[in-house]
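A.B. asks: Each chain is listed here by its residues.
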Amino acid sequence: MTQEVENLIKKDYAAGFHTAIESDTLPPGLNEDVVRFISAKKEEPEWMLEWRLKAYRAWLEMKEPTWAEVQYPEIDFQAISYYSAPKSMADRPQSLDEVDPELLATYEKLGIPLHEQEMLAGVAVDAVFDSVSVVTTFRAKLEEAGVIFCPISEAVRRFPELVKKYLGTVVPQKDNYYAALNSAVFSDGSFVYIPKGVRCPMELSTYFRINEMNTGQFERTLIIADEGSHVSYLEGCTAPQRDENQLHAAVVELIALDNAQIKYSTVQNWYPGDAEGKGGIYNFVTKRGVAHTNAKISWTQVETGSAVTWKYPSCILKGDNSVGEFYSVALTNNFQQADTGTKMIHLGKNTRSTIVAKGISAGRSNSSYRGLVRINPGAEGARNYTQCDSLLIGDRCGAHTFPYIESKNPSAVIEHEATTSKVSDDQLFLCQQRGLDAEKAVSMIVNGFCREVFKELPMEFAVEAGKLLEVSLEGSVG
Amino acid sequence: MLSIKGLHAKVEEKDILKGLDIEINPGEVHAIMGPNGSGKSTLGNVLAGRPGYEATAGSVVFKGQDLLELDTEERAREGIFLAFQYPVEIPGVSNMEFLKVSVDAKRKHAGLPELSAVEFMKLARETSKRVDLDASFLKRGVNEGFSGGEKKRNEIMQMMLLEPDLCILDETDSGLDIDALQVVADGVNSMRDGKRSFIVVTHYQRLLDYIVPDYVHVLAGGRIVKSGNKDLALELEAKGYGWLENGEG
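Those protein sequences? They're chains Z and D, same order as listed.
Quick note: the first sequence uses my numbering, first residue 1, plus one each step.
Quick note: the second sequence uses my numbering, first residue 1, plus one each step.
To be clear, the hints were calculated from the coordinates, so they are not data collected in a lab.
There is no bait here: all hints are sound.
With the C-beta cut set under 8 Å, the calculated list includes, among others, these residues of chain Z facing chain D:
| no. | residue |
| --- | --- |
| 1 | Ser424 |
| 2 | Asp425 |
| 3 | Asp426 |
| 4 | Gln427 |
| 5 | Phe429 |
| 6 | Leu430 |
| 7 | Gln432 |
| 8 | Gln433 |
| 9 | Arg434 |
| 10 | Gly435 |
| 11 | Asp437 |
| 12 | Ile445 |
| 13 | Gly448 |
| 14 | Phe449 |
If you anchor each label on the Cβ, the simulated ranges turn out as follows:
| no. | chain 1 | residue 1 | chain 2 | residue 2 | range |
| --- | --- | --- | --- | --- | --- |
| 15 | D | Lys108 | Z | Met62 | 52 to 58 Å |
| 16 | D | Lys14 | Z | Gly398 | 31 to 37 Å |
| 17 | D | Lys14 | Z | Tyr72 | 43 to 49 Å |
| 18 | D | Asn25 | Z | Asp426 | 28 to 34 Å |
| 19 | D | Gly175 | Z | Tyr72 | 48 to 54 Å |
| 20 | D | Tyr86 | Z | Glu203 | 42 to 48 Å |
| 21 | Z | Gly398 | D | Lys5 | 42 to 48 Å |
| 22 | Z | Asn409 | D | Glu13 | 58 to 64 Å |
| 23 | Z | Arg396 | D | Ile178 | 45 to 51 Å |
| 24 | Z | Asp395 | D | Gly64 | 36 to 42 Å |
Note that the Cβ used here is the ideal one computed from N, Cα and C, for glycine as well.
Model the full structure from these sequences, guided by the hints.
C.D. replies: Take a look at the structure:
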């Protein structure tokens with residue numbers, strides 16, 4: 001530990017966090033001292049702390065956005081605790097017998113193997129030889145290729161030059177209210193660097209980051225694909241996280257340098273609240289990538305969880321011939337609300353973007369697609385294709401589409417298609433007449449509706465995503 | 001096999017069937033004919049348990065069970081198959097997948113193990129040949145972009161795979177050209193095995209040249225007003241329905 005950091009921690013002690021440090025959890029509330037405390041806990045260098053403080057001060061001046069098609073009670077940011085140390089092994093459930101049986105039943109339906117169930121449920125599995133060895137071989141293989149994949153807190157210490165150079169370049173601290181908050185208080189997240197010309201030897205997944213199981217509600221992810229490199233990153237697990245935290249505000253930044261390709265897949269299934277609309281996660285996420293010359297960024301997301309989703313994974317197509325893709329399935333049931341979509345910002349010449357968004361609404365839920373396609377004056381020959389399809393199940397839910405198109409170059413070609421359909425009684429009857437029960441029928445029809453997006457997911461993920469839809473739709477008919 | 005006694009049924013508050021009786025034994029083919037609006041399609045839908053088609057009086061016993069007590073999917077698993085007049089499309093769901101889950105649902109109900117993907121694929125390919133559908137149709141979405149004739153052949157293929165005890169064909173001949181009609185009829189005839197029963201609902205006598213019925217019933221005003229053998233169909237072709245309907249008052 002550097003002298004500097006040690007001093008910093010001492011300073012924090014002096015600032016009156018004595019009891020807090022003992023318990024390793026901060027009392028609710030947010031102020032500059034909280035930001036300093038988090039930074040010190042992470043043993044961060046001074047520049048990182050300054051970066052956070054700058055974000056915090058900006059956040060104080062900002063207003064919570066209200067334009068999204070979602071409604072929720074006002075969030076009291078002073079009622080939230082911004083640091084909670086991961087549970088120690090001793091505090092965790094010692095075996096699956098101690099885990100909520102309903103949660104286990106869901107794992108069962110998803111077909112998750114037993115040792116993974118233990119990991120997901122937070123069972124103390126450090127002693128399990130299997131998972132340790134998996135992680136070890138995994139690390140060795142990546143190191144051999146020169147790939148850096150580690151918690152971002154570790155990257156701040158070990159690779160400060162890389163972090164300094166890229167952090168906040170795609171999503172600046174002041175980008176939006178939640179991004180500013182995240183910048184100030186992010187607890188942890190992933191850092192990925194793929195060296196020039198390297199094709200990452202395996203799909204990178206948060207699954208493998210078991211030491212980071214309990215990352216907080218403010219994750220920060222930074223992925224840098226150097227020139228000519230390729231990487232596919234999978235985020236989230238497909239099991240419900242019974243997280244008690246009400247607010248989740250993550251930031252993801254992708255940088256695809258010349259000729260590089262980044263594929264980022266998400267399956268999000270945070271706790272959606274119960275059938276009456278009580279509880280659940282408010283998910284306010286900022287995800288954005290910048291694609292340099294001939295580079296490609298592809299977002300694929302399957303969103304089935306959270307009470308409120310506010311999320312627009314975007315691409316800045318900066319370099320000539322760069323490509324942006326967005327494939328999305330957003331499913332809402334019961335009282336869930338989702339306002340999600342993408343932004344494709346065409347700056348370079350001959351840039352191309354594709355948007356395929358599928359929204360499914362059931363119960364009394366509301367799902368909105370909100371997308372911006374902007375063609376800047378210099379984006380000669382830019383092309384965009386957008387397809388938004390909404391599927392309604394029942395007659396108490398809603399689907400909305402808000403496409404924004406701004407074209408400042410006459411050579412651009414922009415296509416937009418939108419459809420809204422219902423799972424029809426005739427389709428249901430056909431399935432039931434062939435012996436399927438109504439729930440199986442609906443999930444099959446919905447899976448068919450999502451096919452174009454699912455085929456973009458890595459194979460295993462696609463299977464799990466299908467099963468996840470089935471579980472999420474339970475109780476939506478009948 | 002199937003015993004219908006005094007069946008009354010309504011659709012959207014409108015009484016359609018008003019005391020219908022039919023007795024069907026194993027292996028028999030019964031044709032139901034009648035003018036538009038007589039309740040022909042309603043009968044098939046009531047038997048299959050289509051939501052919105054409500055039986056209000058009478059009884060239906062199928063293989064010794066009270067059919068009206070069973071859910072739609074249970075009736076299907078017990079062996080009732082309805083070939084649709086207008087088969088719907090299910091975009092994105094492959095025909096193969098759809099067929100496999102329906103066959104598996106039925107097998108599971110019968111206490112049989114599911115077929116492996118390889119076994120099923122082989123079976124599905126053989127069956128598609130029997131109805132003259134190219135195997136590529138198995139990969140396409142259910143009825144997605146199929147022509148009218150292809151949809152009907154797809155229905156017959158499903159019927160063959162599910163091996164029902166009672167097949168109800170609801171105006172399967174509508175919109176078919178002669179060649180497609182021949183394929184459909186050959187398919188149905190190949191399934192006549194002395195045990196399986198059929199209800200063939202049709203508006204025209206033409207289909208009955210290909211699928212020769214044991215009995216022909218005329219449905220008018222929600223009841224069977226005349227029954228006979230296959231010659232009755234020819235008589236109807238010649239004389240129309242008017243003379244029977246008038247008799248009803």
